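Undergrad: Could you build the full structure based on these sequences and the hints that come with them?
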Amino acid sequence: DTTVKQNPRYKLARVGKPVNLICSQTMNHDTMYWYQKKPNQAPKLLLFYYDKILNREADTFEKFQSSRPNNSFCSLYIGSAGLEYSAMYLCASSRDWGNQDTQYFGPGTRLLVL
Amino acid sequence: QQKVQQSPESLIVPEGGMASLNCTSSDRNVDYFWWYRQHSGKSPKMLMSIFSNGEKEEGRFTVHLNKASLHTSLHIRDSQPSDSALYLCAASMESGGSNAKLTFGKGTKLSVKS
Numbered sequence: 001d002t003t004v005k006q007n008p009r010y011k012l013a014r015v016g017k018p019v020n021l022i023c024s025q026t027m028n029h030d031t032m033y034w035y036q037k038k039p040n041q042a043p044k045l046l047l048f049y050y051d052k053i054l055n056r057e058a059d060t061f062e063k064f065q066s067s068r069p070n071n072s073f074c075s076l077y078i079g080s081a082g083l084e085y086s087a088m089y090l091c092a093s094s095r096d097w098g099n100q101d102t103q104y105f106g107p108g109t110r111l112l113v114l
Numbered sequence: 001q002q003k004v005q006q007s008p009e010s011l012i013v014p015e016g017g018m019a020s021l022n023c024t025s026s027d028r029n030v031d032y033f034w035w036y037r038q039h040s041g042k043s044p045k046m047l048m049s050i051f052s053n054g055e056k057e058e059g060r061f062t063v064h065l066n067k068a069s070l071h072t073s074l075h076i077r078d079s080q081p082s083d084s085a086l087y088l089c090a091a092s093m094e095s096g097g098s099n100a101k102l103t104f105g106k107g108t109k110l111s112v113k114s
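Chains as they are written, first to last, in the working numbering: chain C, 1 to 114; chain S, 1 to 114.
If you are wondering where the hints come from, they were derived from the structure by calculation, not from laboratory data.
Quick caveat: nothing in here was measured; it's all calculated off a predicted structure.
C-beta: ideal position from N, C-alpha, C; glycine also.
Do not rely on the hints blindly, as some may be mistaken.
Taking CB as the label site, the calculated pair distances span [said to hold, decoys possible]:
#1 K38(C) to S7(S): 15 to 21 Å
#2 K38(C) to S82(S): 34 to 40 Å
#3 N20(C) to P14(S): 44 to 50 Å
TA: So this is what it looks like as structure tokens:
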């Protein structure tokens with residue numbers, strides 16, 4: 001089973017309010033990723049966990065936080081949502097941190113900030 | 001400037017026809033290329049990967065890679081309506097670790113008309 005699950009599938013948030021998105025996988029993968037995808041744009045990597053080590057992209061460093069309480073779960077946290085956060089958020093996982101490891105994606109959470 | 005460029009943005013082919021999708025990286029540090037397929041409302045799924053120069057065939061799908069020009073192409077023969085999807089190209093580096101992350105293009109939207 002190569003299923004990555006995401007909750008919720010749709011999220012409506014108010015400007016200035018926090019948002020917490022959840023991802024889970026049961027494949028015992030060491031690495032979990034979060035991407036942001038806006039219409040007509042490429043998926044953009046926000047951050048990833050290798051085991052318990054968090055790596056955040058430099059240009060989104062202060063905008064997103066994450067936690068990984070155990071191997072199976074990973075969250076994406078926005079402290080104060082702005083209109084520009086409206087997007088599809090995709091979670092992915094891979095077996096290891098290697099350059100040839102396939103990433104398996106979840107169905108995404110569509111976030112709309114009003 | 002998008003580091004991974006895909007063309008065309010959209011493509012319509014008749015059922016049974018050949019679909020050809022292109023992808024080029026402007027980052028000379030990349031070594032590996034991936035093709036993901038995303039059906040509407042579904043998660044992206046890895047279709048094919050190619051890590052060395054040449055050609056790789058899996059059923060109706062063939063992928064080419066020219067490392068000198070950092071260009072890869074995906075060819076789908078005998079296209080079926082079920083092939084209609086967004087095709088995402090991604091590139092990664094050989095060095096692994098934090099460089100194993102995928103950089104995606106915007107995608108090519110393929111429509112196969114019966």
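Undergrad: Each hint should be assessed against the structure and marked as holding or not.
TA: Evaluation of the provided hints:
At roughly 20 Å, the beta carbons of K38(C) and S7(S) sit within the given window of 15 to 21 Å. At about 27 Å, the beta-carbon gap between K38(C) and S82(S) misses the expected band of 34 to 40 Å. For the pair N20(C) and P14(S), the beta carbons lie near 46 Å from each other, so the given range of 44 to 50 Å is met.
Consistency note: the structure conflicts with earlier hint 2 alone.
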